[in-house]
Every structure is written in structure tokens, then in C-alpha cells.
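Engineer: Assemble the complex: chain A is given as a structure, and chain B must be docked to it using the hints.
Number of protein chains: 2
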Amino acid sequence: MEPKLAQDRDGQFCPTRATLALVGQKWVPRIVYELRDGTHRFNDLATTVGGCNSRTLRDRLRALEEVGIVDRNEVATNPPWVEYALTPRGLELAEAIEQLGAWGQRHMTPEMLSGVTE
Amino acid sequence: MEPKLAQDRDGQFCPTRATLALVGQKWVPRIVYELRDGTHRFNDLATTVGGCNSRTLRDRLRALEEVGIVDRNEVATNPPWVEYALTPRGLELAEAIEQLGAWGQRHMTPEMLSGVTE
Chain A
0 MEPKLAQDRD
10 GQFCPTRATL
20 ALVGQKWVPR
30 IVYELRDGTH
40 RFNDLATTVG
50 GCNSRTLRDR
60 LRALEEVGIV
70 DRNEVATNPP
80 WVEYALTPRG
90 LELAEAIEQL
100 GAWGQRHMTP
110 EMLSGVTE
Chain B
0 MEPKLAQDRD
10 GQFCPTRATL
20 ALVGQKWVPR
30 IVYELRDGTH
40 RFNDLATTVG
50 GCNSRTLRDR
60 LRALEEVGIV
70 DRNEVATNPP
80 WVEYALTPRG
90 LELAEAIEQL
100 GAWGQRHMTP
110 EMLSGVTE
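In order, the protein sequence lines correspond to chains A and B. Here the first sequence is numbered in numbering that gives the first Met the number 0, starting from 0 and rising by one per residue. Here the second sequence is numbered in numbering that gives the first Met the number 0, starting from 0 and rising by one per residue.
Among the clues, some could well be false.
Which copy is meant is left open, so a pair is good if it fits within one copy or across any two.
What the hints assert, rightly or not - Below 20 Å or equal to it, Euclidean Cα-Cα: the simulated EDC-like pairs (lysine to aspartate or glutamate) are:
{"id": "1", "residue 1": "K3", "residue 2": "E64"}
{"id": "2", "residue 1": "K3", "residue 2": "E110"}
{"id": "3", "residue 1": "K3", "residue 2": "D43"}
{"id": "4", "residue 1": "K3", "residue 2": "D70"}
Derived from the structure by calculation, the hints contain no laboratory data.
Chain A with its partners taken away, still in its complex shape (with noise of 0.2 Å):
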């Protein structure tokens, strides 16, 4: 992540938009809240999360992971798995995007997107 990102207009470190670049990233707010209601197998998770490839996935839970928002779990089983589930600091995350969500629920309809562009 670029370091700007993070800063505010004086280029001081801020937490607050720290947190807006690492959620305004692709498919992260949606792999947390996917992540909410429990542990998730990987292969699970790519069929939830639906259209994000395997590696971006991957690449994304990593960044995740290293932030202290997902747990990683290998399961050492007969094929081996690998599970997530968010942390403590991850759980208290998805609650803040869950706000997110409430708000989509009171205003966004499929009309809405028709204009949004990647």
C-alpha cells in the first residue's frame, strides 16, 4: 500500500484512513464479512467470497493475516485443509462493516450499480 494513502494532508501517519485504504481494497470488506458468522475453509470461502480468483484470495487473506484481522488454521487432516476465522480485533472489524451493510439496506438497489464502474 502506498504510505499516502495512510496519511493525512500533512503526510502524519492517521489510523482512521490507515483503516479506509485497507478496506477500500478489493474484496476486502467482503472476505471479513463472509468471515462473520464463523471459520471457513479456503475452498468454502472462494465459493462464498464468488469471483475473486484463488490467488487474489489468497494474496488478500495473507495481508489479512498479517494485520492480526484472520487467524490461519492448517487442519492436519488426510488431505490437509486450511480454515480462517476472524480474531478478536477482525470480529470487532466486521461489526464496523456491518454498519456498512445496514446502510446498503435502507439505499442500495440494483438500479444503483448500473453506473458504477471498476
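Structural biologist: Chain B only, in chain A's frame:
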């Protein structure tokens, strides 16, 4: 925006996920956040958002205008200028985005961002 981003795993439109897709676009949460305290001229907003090039900022603002989050106002002075403000619906979204910022105030440090890449 790809329709899948706004759908749940059953392929149904989901206003929560549509909102997360909207907010999970680089610069979008930041732009809404910077507008929370009132009207900004385009150039001032460009400085405040910092690091977003003018074309991208203009595109994002247009998209936010189309979904009723931002009001665009051309002021017919000489030279004329363009200013932007949040709509009532946009102000509600800004409040939800401030909850993300509050999470950041509690948890985000500069060190956490070192591993985060776009």
C-alpha cells in the same frame, strides 16, 4: 462493477454485498470520509485525498453522484468552479465509514501496514 460482486452465493442481488463492493473500491471510503465535514472544491478535495490522480478522483465522484451519495454543484463564477458535498444518504454512509475509522483508532499502527500490498 461486475454483477457478481453485488450478489450472494446464490446469485441473488444483495444490498449489503453491493455496498461492500462500492466501498471496497480504492479511494471511495476515503473520498466519502473527507467530505463528511462539508462542501469541498474539486482541487481542495484532490489535495485532501492526496495521491489519487485527478482523472480517477473525477470518475469516482461521478460514480458516487450517480448512486446519490455525492452532490455536484457548478458555481458560475469567473473562473467557474465545481464543488462537491454529501447528500443526506451520503452523510449516513459517512457515519458508517467513521465506525471503520474508530476501529482504526483502536487498532491500526504504521507497522501493521508494512505487509499490506495492493
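Engineer: It remains to establish, for every hint, whether it holds in the given structure.
Structural biologist: For each hint, the structure was consulted:
In this homomeric assembly, K3 and E64 never come within 20 Å of each other (Cα to Cα): the closest approach is 22 Å inside a single copy and 25 Å across copies. In this assembly of identical chains, the alpha carbons of K3 and E110 lie at most 20 Å apart only when taken from different copies (14 Å versus 34 Å within one copy). Taking the shortest alpha-carbon separations for K3 and D43, only the inter-copy value of 16 Å comes in at or below 20 Å, while the best intra-copy value is 35 Å. In the homo-oligomer, the alpha carbons of K3 and D70 never lie at most 20 Å apart, since the shortest distance is 28 Å inside one protomer and 26 Å across protomers.
In summary, the structure is inconsistent with hints 1, 4 from the numbered list given earlier, while agreeing with the others.
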